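*Asks:* If you want the building blocks of each chain, they are given just below.
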Amino acid sequence: MIVGDLKPLEEIVSAIKDYKQVLVLGCGSCVTVCLSGGEREAEQLSRELAQMRHYQGPLPKFEVGSILRQCEKDLVLEYQNIPAGTDAVLSLACGAGVQTLADAYEPLPVIPALNTTFLGASDKPGTWTEKCKGCGDCILIHTGGICPIARCAKSLFNGPCGGSKGGYCEVGYGIPCAWTQIVARLKKMDKLHCYEEIRTTKNWKPGGAGGLRRRVRTGLGDGSNKNQTNNS
Amino acid sequence: MTYFRVNEKCNGCLACVENCPAAALDFADQNDGRTLKHNMTKCARCGQCWRVCPQAAIEFQHLLVGQWDNVITLDLIHCRVCGEPLYSPAYRQEVESKLNPSGEALCPKHRQTDAASKLLHPGQARAKLKSGDQ
Chain H
1 MIVGDLKPLE EIVSAIKDYK QVLVLGCGSC VTVCLSGGER EAEQLSRELA QMRHYQGPLP
61 KFEVGSILRQ CEKDLVLEYQ NIPAGTDAVL SLACGAGVQT LADAYEPLPV IPALNTTFLG
121 ASDKPGTWTE KCKGCGDCIL IHTGGICPIA RCAKSLFNGP CGGSKGGYCE VGYGIPCAWT
181 QIVARLKKMD KLHCYEEIRT TKNWKPGGAG GLRRRVRTGL GDGSNKNQTN NS
Chain A
1 MTYFRVNEKC NGCLACVENC PAAALDFADQ NDGRTLKHNM TKCARCGQCW RVCPQAAIEF
61 QHLLVGQWDN VITLDLIHCR VCGEPLYSPA YRQEVESKLN PSGEALCPKH RQTDAASKLL
121 HPGQARAKLK SGDQ
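These protein sequence lines are chains H and A, in that order. The first sequence begins at 1 in the numbering used here and counts up one residue at a time. The second sequence begins at 1 in the numbering used here and counts up one residue at a time.
Calculated directly from the structure, the hints in this document are not laboratory data. Keep in mind that this is a model prediction, so the values were computed, not measured. Some hints here could point you the wrong way.
Here are the computed lysine to any residue pairs in the SDA-like style, where the Cα-Cα straight-line distance is at most 25 Å [what the hints assert, rightly or not]:
#, chain 1, residue 1, chain 2, residue 2
1, A, K42, H, I82
2, A, K42, H, Y79
3, H, K131, A, A15
4, H, K205, H, M189
5, A, K42, H, E39
Go ahead and model the full structure; you've got the sequences and the hints to work with.
*Replies:* This is the structure in structure tokens:
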């Protein structure tokens, strides 16, 4: 899932202070689950932003809404009501949602309230950890299901660096060394020989180095889709 | 009650069933009838059915803004002073098994009043509280 964090309040206030009426719009998917951008957070943010102490000029009026997924342009256009008089939308979605709204409601300004931080998963209630960089050329089959690109601070490919101490990474914060975890997992799986296999160099083109990534599926939409991608 | 609803324009073409990426739609032909089926636990609410329906028959808003379902109804204990709903007897029992018995059923406000009264007037607090004198 996509994990996001609320931007500093001062930054949000600075971005909205010149508008008269702002729609604070939550997103009901990933950012709801990681407690940063759902309906509840939209209500909380709206209440906080409605405090006069944040503004030197007039206090903007706030409306609150939420939609299941802000990254579905046609659904948003069909089902999300923009109250009359709204002159800006403050989106609590990830970057994909913010951009979709900006396309859908052009020229209405759409302001991001979150920083989209990573693709991750919840290891335990209340904690989300980065798991994937979306590199487009997955190597998890070779690494015991643990991604060294996302989970090693140096994204090393062939084993731990000299900064791995007692199973932890030298960058600190209690971050486990991904390569220590990989070797331990491969041992448990009786697949340590995978570690010694010589592999071809990784193709970074699908990781975004080939420009904007796009995936086209045939058979959907208006029939103009063709099997073409720019990243494989 | 299903959250996946179609209007009278549905002609049973099954475009939604064929295009559902989550396999949340199915159908059953039996005797003279075709029944469209939806499984909410599989549904990703992606809107693909709504997009591909040639009849514009799918009322997707019901999947976006649904209604509340009652799950369970339990007995309730109220604050003895103001009547504010507090918790179920089972919850009280569970908490009391882990903490010291909390005694009277009181809301946070009246628990504070009760504690203050007990400090100031150890003998009279209980009587005052019972009489509703806050």
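*Asks:* It remains to establish, for every hint, whether it holds in the given structure.
*Replies:* Outcome of the hint check:
1. A:K42 <-> H:I82: Cα-Cα ~30 Å, so violated.
2. A:K42 <-> H:Y79: Holds, at roughly 22 Å.
3. H:K131 <-> A:A15: violated (36 Å)
4. H:K205 <-> H:M189: violated (31 Å)
5. A:K42 <-> H:E39: holds (23 Å)
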